[in-house]
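In case it helps, the UniProt record's numbering puts the sequence shown at residues 1 to 193.
Among these hints, one or two may not hold up.
Claimed, not checked - List time: in silico BS3-like cross-link candidates among lysine-lysine, alpha-carbon distance up to 25 Å:
#1 K149 with K168
#2 K5 with K176
#3 K78 with K188
#4 K188 with K149
Said to hold, decoys possible - Computed spacing ranges between beta-carbons, pair by pair:
#5 N186 with V73: 29 to 37 Å
#6 H143 with E172: 17 to 25 Å
#7 W42 with V177: 48 to 56 Å
#8 T65 with F191: 21 to 29 Å
#9 Q151 with E51: 49 to 57 Å
#10 H190 with E51: 23 to 31 Å
#11 T26 with E172: 32 to 40 Å
#12 Q35 with L179: 23 to 31 Å
Treat the hints as calculated values from the structure; they're not laboratory data. Since the model is a prediction, treat every value here as computed from it, not as a measurement. Every residue gets a Cβ at the ideal spot worked out from N, C-alpha and C, and that includes glycine.
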Amino acid sequence: MRIQKVNDNTIRIFISFTELADREITMADLLQRSQRSEQLFWELISQAREEVEFNLDQPFWIQATASSNEEFVITVIKQEDVIEAIPKEKENKRPSRSKATEWVYVFADLEDVLSVVRRMPDISRVRSSLFEFDGEYYLVVSHLGSGKKKQIAEALLDEYGELVDVAKIFLEEHGKVILKERALQNLKSHFKF
Numbered sequence: 001m002r003i004q005k006v007n008d009n010t011i012r013i014f015i016s017f018t019e020l021a022d023r024e025i026t027m028a029d030l031l032q033r034s035q036r037s038e039q040l041f042w043e044l045i046s047q048a049r050e051e052v053e054f055n056l057d058q059p060f061w062i063q064a065t066a067s068s069n070e071e072f073v074i075t076v077i078k079q080e081d082v083i084e085a086i087p088k089e090k091e092n093k094r095p096s097r098s099k100a101t102e103w104v105y106v107f108a109d110l111e112d113v114l115s116v117v118r119r120m121p122d123i124s125r126v127r128s129s130l131f132e133f134d135g136e137y138y139l140v141v142s143h144l145g146s147g148k149k150k151q152i153a154e155a156l157l158d159e160y161g162e163l164v165d166v167a168k169i170f171l172e173e174h175g176k177v178i179l180k181e182r183a184l185q186n187l188k189s190h191f192k193f
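Build the full structure now, drawing on both the sequences and the hints.
As structure tokens, then:
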């Protein structure tokens with residue numbers, strides 16, 4: 001097992017499948033957030049504190065992926081940039097559409113984004129941007145209109161993606177811009193749905 005400090009806010013922990021097996025942790029444990037996997041995570045964070053002076057004293061993201069060379073990579077990112085962009089009353093709450101004017105949805109892959117685009121009703125004033133960050137796709141949308149079209153759009157976004165509390169500014173600074181504006185319209189015209 002090795003720990004790499006990317007910067008003050010990010011570390012990568014590399015752990016082999018053999019090491020996971022030695023600890024009797026399966027892939028199912030990791031994917032389902034079992035007690036064993038949570039215990040392992042906090043042990044790794046404690047080790048990161050000692051080895052690379054990484055203190056996890058604020059909200060964070062975890063991205064876990066299997067790499068090609070027989071090891072599992074856990075990326076931990078502190079969310080201080082995100083927290084500064086979220087009003088205080090919204091911290092530690094599930095994202096809500098009720099008061100927000102702009103929503104961010106995360107998708108596991110581009111195919112899920114295209115599934116939304118394929119079925120999305122035409123909403124003339126919709127604004128949208130598409131970003132890639134840490135292997136996932138983030139769609140920022142606003143001006144979904146009202147009535148039935150808005151309900152259909154929200155249902156599709158919820159079906160294929162997940163509403164998340166991530167600020168657009170965070171994605172602009174740390175992510176890769178795929179389509180800066182009119183993402184839904186450009187994807188729809190490009191792929192000729």
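Hints versus structure:
no.	hint	in the structure
1	K149 with K168	holds, 24 Å
2	K5 with K176	holds, 21 Å
3	K78 with K188	violated, 35 Å
4	K188 with K149	holds, 16 Å
5	N186 with V73: 29 to 37 Å	holds, 32 Å
6	H143 with E172: 17 to 25 Å	holds, 19 Å
7	W42 with V177: 48 to 56 Å	violated, 35 Å
8	T65 with F191: 21 to 29 Å	holds, 27 Å
9	Q151 with E51: 49 to 57 Å	holds, 50 Å
10	H190 with E51: 23 to 31 Å	violated, 46 Å
11	T26 with E172: 32 to 40 Å	holds, 38 Å
12	Q35 with L179: 23 to 31 Å	violated, 41 Å
Violated hints, listed in ascending order, are 3, 7, 10 and 12; each of the other numbered hints is respected by the structure.
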